[in-house]
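Participant: For reference, the chains in residue letters:
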Amino acid sequence: GAVVSQHPSWVICKSGTSVKIECRSLDFQATTMFWYRQFPKQSLMLMATSNEGSKATYEQGVEKDKFLINHASLTLSTLTVTSAHPEDSSFYICSADKTGTHGYTFGSGTRLTVV
Amino acid sequence: KQEVTQIPAALSVPEGENLVLNCSFTDSAIYNLQWFRQDPGKGLTSLLLIQSSQREQTSGRLNASLDKSSGRSTLYIAASQPGDSATYLCAPLEGGKLIFGQGTELSVKP
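Top line first, the protein sequences correspond to chains D and R. Just so you know, we're using our numbering here: the first sequence kicks off at 1 and counts up by one. Just so you know, we're using our numbering here: the second sequence kicks off at 1 and counts up by one.
Everything labelled a hint here was simulated from the structure, so no lab data went into it. Owing to the predicted nature of the structure, the values given are computational and were not obtained by experimental measurement. We put the beta carbon where it would ideally sit given N, CA and C, even for glycine. Treat each hint with caution, since some may be false.
Said to hold, decoys possible - Cβ-Cβ distance ranges computed for the label pairs, FRET-style:
1) D:87 x R:41: 15 to 23 Å
2) R:29 x D:70: 26 to 34 Å
3) D:20 x R:56: 40 to 48 Å
4) D:7 x R:13: 13 to 21 Å
5) D:115 x R:56: 34 to 42 Å
So here's chain D without its partners, still in its complex pose:
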């Protein structure tokens, strides 16, 4: 199978601090990973596409300096929410494409609460 691990599952941080979320593909290599945000009772909105060894591609309206993405290896992508504010509170989910299959596996998500 294809397993994606996301950590932490939940985090509470103070306004103005930064939070890092990790997304790991456990049993496959992923040249591409994706980061989504989901507000309550809403669908998933793609934030950015993370490419191993190169810069991430951000969707329109997503601040790249606020949501820093690093994809340093074929099994790990990280999303850092910098200078977090209460409006950044949301459910963040990553996914990975098992290279060549175009079948996407999702992590279990991270609930971020900024107080």
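Position chain R relative to chain D; hints supplied.
Facilitator: Below, chain R without anything else, positioned relative to chain D:
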């Protein structure tokens, strides 16, 4: 711009019923389409993936169909169980990106 609509938004059925969830998309130039299940506060679990050249896929009590030309997909759940209660999301893949609908929130009552 691809837009995905899922109908109904919510559905409540008694245990044992067969049911159909609908998904429509505006741009038929898709690579494939996936159906996912999301439990409250959790990530997504992939249920079925249909390639653009396929008409349907089956897994256990689930059957998904795809009519690319008309921009429609359906997810059929046979003999529903309380454990099927979740939100079901369809997502066509276009340009390397999954585009999600709002989902159908299913409740199966014992």
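Participant: The structure should be examined with respect to each hint, and the outcome stated for every one.
Facilitator: Hint check:
1. D:87 x R:41: 15 to 23 Å: holds (20 Å)
2. R:29 x D:70: 26 to 34 Å: 32 Å Cβ-Cβ, so the 26 to 34 Å window holds.
3. D:20 x R:56: 40 to 48 Å: 42 Å Cβ-Cβ, so the 40 to 48 Å window holds.
4. D:7 x R:13: 13 to 21 Å: violated (36 Å)
5. D:115 x R:56: 34 to 42 Å: violated (48 Å)
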